[in-house]
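In order, the protein sequences belong to chains A and B.
Using my numbering, read the first sequence as starting at 1 and increasing by one per residue.
Using my numbering, read the second sequence as starting at 1 and increasing by one per residue.
It should be emphasised that the hints constitute simulated quantities derived from the structure, not laboratory data.
Heads up, the beta-carbon is just placed ideally off N, CA and C, and yes, glycines get one too.
Treat the hints with care, as some may be off.
[Stated by the list, open to error] Heads up, incomplete: computed chain B residues facing chain A, CB under 7 Å, no partners named:
#, residue
1, Pro108
2, Phe120
3, Phe123
[Said to hold, decoys possible] Computed cross-link-like contacts, BS3-like style, restricted to lysine-lysine with a CA-CA straight-line distance of at most 30 Å:
#, chain 1, residue 1, chain 2, residue 2
4, B, Lys110, A, Lys242
5, A, Lys236, B, Lys93
6, A, Lys5, A, Lys18
7, A, Lys242, A, Lys5
8, A, Lys18, B, Lys110
9, B, Lys252, A, Lys18
10, B, Lys252, A, Lys5
11, B, Lys142, B, Lys110
12, B, Lys284, A, Lys242
13, A, Lys5, B, Lys110
14, A, Lys242, B, Lys93
15, A, Lys236, A, Lys251
16, A, Lys5, B, Lys142
17, A, Lys18, A, Lys242
18, B, Lys142, A, Lys18
19, A, Lys5, B, Lys93
20, A, Lys236, B, Lys110
21, A, Lys245, B, Lys93
22, B, Lys110, A, Lys245
23, B, Lys284, B, Lys252
24, B, Lys93, B, Lys155
Listed below, chain by chain, are the residues.
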Amino acid sequence: MAALKIALMNIRLAMRTKAALFFTFLFPLIFLFAYAGIFAHGNPWAVAYLFGPVITLQMMGSAFWGLGLQSVMSRERGILRRYRLAPIGAGSMVMSSLIANYLLLLPTVAILTVCAVGVFHMPMNVSFLGFFLLVTVGAFSFAGFGLTIASIASTMQEAQIYNQLVWFALLFLSGATIPLPDLPHWIQRVAAFLPATYLVSSFQSLMTHSAPLSSHTTELVGLVVSGLFGLLFAWKLFRWEKEEKIPRSAKGWALAFLVPFLLIGFWMNSTGRAQRGWEASYRMMTNARQAASPASSSGPASSSPSQP
Amino acid sequence: MPSADEGGARAGGRDVSGNGSPVVEVRDLRKSYEQVEAVRGISFEIRKGEVFGLLGPNGAGKTTTIEILEGLRQPDAGTVRVCGLEPARESQKLKQRIGAQLQNTILPDKITVEEALRLFAGFYARSVAVTQLLEQFGLIDKRRAFYETLSGGQKQRLALALALVNSPEMVLLDEPTAGLDAMVRRDIYALVEQLRAEQRTVLLTTHYIEEAERLCDRVAIVDHGLIVALGTPRELVSHSGSGTRLEVRVAKPVALDQLCRLEAVHDCREADGAYWVHAQPVAKALVALIHFLEAQDNTLTDLHISQPSLEDVFVEMTGRKISDEQ
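Please model the entire structure based on the sequences and the hints provided.
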């Protein structure tokens with residue numbers, strides 16, 4: 001109950017901060033319009049292909065730069081000390097961050113979806129339950145990631161370094177910016193270890209050929225497990241005071257957060273299953289783009305994809 | 001000088017000694033930060049309804065002690081019980097029963113005064129009406145103001161209101177008036193007086209002598225992690241070897257060693273063009289001083305008599321002034 005109260009207050013406070021408003025609502029729209037305008041050329045099926053990366057980027061951004069940094073900043077400024085005097089535990093504080101992050105993400109996803117469908121005619125031949133579950137799993141997993149970083153970083157500076165390292169790796173190696181089939185083979189092998197890849201590819205197969213979530217069970221289980229690990233670490237390593245130090249061994253334990261991704265990465269690379277899935281979604285998008293070109297189609301709205 | 005165990009519990013005619021078991025019991029409390037021993041074996045008790053002060057300079061160990069009592073820090077050794085609970089082991093239960101104000105309370109910039117009070121009130125099983133607190137602390141006009149827009153005094157009043165949001169049995173105030181102007185300080189003194197009238201137990205830390213003298217039923221003078229004296233302000237002063245202080249100004253200079261040898265004079269020094277004489281009993285010293293000046297054909301031009309303060313007690317115990325250490 002305390003967690004929900006703090007979460008609702010944090011959402012209210014975010015709504016009063018210009019930077020939070022910009023990065024929560026406007027920034028993802030800029031991404032959507034840039035992706036749809038530059039890469040999709042307004043083709044609805046290409047927009048559907050690129051919608052996953054846009055949502056994944058937003059989830060990553062809110063988890064690392066919103067939730068994660070906010071936690072460290074509250075500790076560093078001494079705000080958490082006042083909460084500590086009240087009869088609430090570390091679990092409530094961690095849960096409040098998770099809930100606030102999720103509740104702020106939902107309207108953003110709704111706005112992105114409405115814009116993508118309304119402005120770019122993105123097809124939504126998907127199970128809404130599947131879509132909602134995917135958003136929830138993704139938000140949960142990246143929140144765990146952001147909270148893990150927040151729990152091991154002692155200062156804002158340290159958190160920003162960790163965030164930059166993770167952010168850029170996930171940004172460029174997961175298919176969130178450049179489609180994986182366009183990248184060299186060795187990068188594709190690395191991508192198989194990254195959580196953002198699982199989410200991007202799951203969204204792409206859901207949005208482009210309405211693939212059921214069960215076809216990505218392994219990746220989704222990995223995301224949920226890593227989210228649980230993240231939550232557990234954030235709770236166990238929670239620090240109210242900036243002077244508190246965590247033992248070095250705790251940082252090592254936090255690396256266990258990566259274990260599900262290592263296992264899934266090895267499995268994906270050994271079976272080649274993921275690469276085939278990425279190719280399938282990519283072909284849907286490129287075929288649709290070709291079909292939408294003036295020589296072969298009357299326009300983007302009338303284009304339809306060929307089956308992979 | 002009364003020791004930690006000898007300190008009585010009567011101040012200004014108010015008896016707080018016979019009120020059952022102590023609300024706070026601290027025995028041989030110790031706490032170190034790496035190489036620094038912040039608290040080196042402190043023991044004291046606070047009875048129900050008592051206003052108890054920890055007086056000492058910065059770095060004396062006051063904040064560490066109060067934060068251990070609040071459950072914010074773990075002691076290295078010693079036993080602590082607050083409201084019959086161990087703060088280190090039963091902190092959640094304890095926090096329902098105490099209210100605390102940190103030396104430096106920080107809240108989110110964009111939270112309003114009323115929102116902060118409602119949010120924190122929601123964490124407790126029992127809470128005071130927020131409107132009542134807003135009125136009590138003079139914050140009703142600022143109820144919709146963001147925390148970042150409040151003055152230092154308003155922020156401190158909000159911090160105190162937050163400390164009382166659960167109508168606590170025991171209130172712990174860490175330097176409640178530090179850095180505030182005289183008017184806000186007076187408001188906070190009035191609040192502590194009100195807490196006293198409501199029979200709440202209060203522990204406050206301060207480095208202001210007049211605050212300890214005015215507000216506290218008993219005071220523990222803390223220095224370098226130890227209690228060097230404990231008792232009611234009156235007891236501490238009356239047991240002080242400093243005696244009554246005479247500020248003497250004369251027409252012609254006198255030899256300091258002769259002045260110091262007068263009957264009943266304990267100590268004397270020259271400063272700011274005056275002679276500062278500590279004497280007990282004061283009447284004998286005054287008679288001796290008049291005879292001495294007459295014999296010297298000297299004239300008394302000004303005389304001020306004052307009782308020793310807790311500052312004098314601190315100087316006597318440590319050889320330093322509290323005010324010099326800030």
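Each hint tested on the structure:
no. : hint                : result
1   : Pro108              : 5 Å, holds
2   : Phe120              : 6 Å, holds
3   : Phe123              : 4 Å, holds
4   : Lys110/B - Lys242/A : 21 Å, holds
5   : Lys236/A - Lys93/B  : 21 Å, holds
6   : Lys5/A - Lys18/A    : 22 Å, holds
7   : Lys242/A - Lys5/A   : 24 Å, holds
8   : Lys18/A - Lys110/B  : 11 Å, holds
9   : Lys252/B - Lys18/A  : 73 Å, violated
10  : Lys252/B - Lys5/A   : 74 Å, violated
11  : Lys142/B - Lys110/B : 13 Å, holds
12  : Lys284/B - Lys242/A : 59 Å, violated
13  : Lys5/A - Lys110/B   : 16 Å, holds
14  : Lys242/A - Lys93/B  : 25 Å, holds
15  : Lys236/A - Lys251/A : 12 Å, holds
16  : Lys5/A - Lys142/B   : 22 Å, holds
17  : Lys18/A - Lys242/A  : 26 Å, holds
18  : Lys142/B - Lys18/A  : 23 Å, holds
19  : Lys5/A - Lys93/B    : 20 Å, holds
20  : Lys236/A - Lys110/B : 29 Å, holds
21  : Lys245/A - Lys93/B  : 26 Å, holds
22  : Lys110/B - Lys245/A : 29 Å, holds
23  : Lys284/B - Lys252/B : 22 Å, holds
24  : Lys93/B - Lys155/B  : 27 Å, holds
Hint compliance for this structure: hints 9, 10 and 12 are broken, all remaining hints hold.
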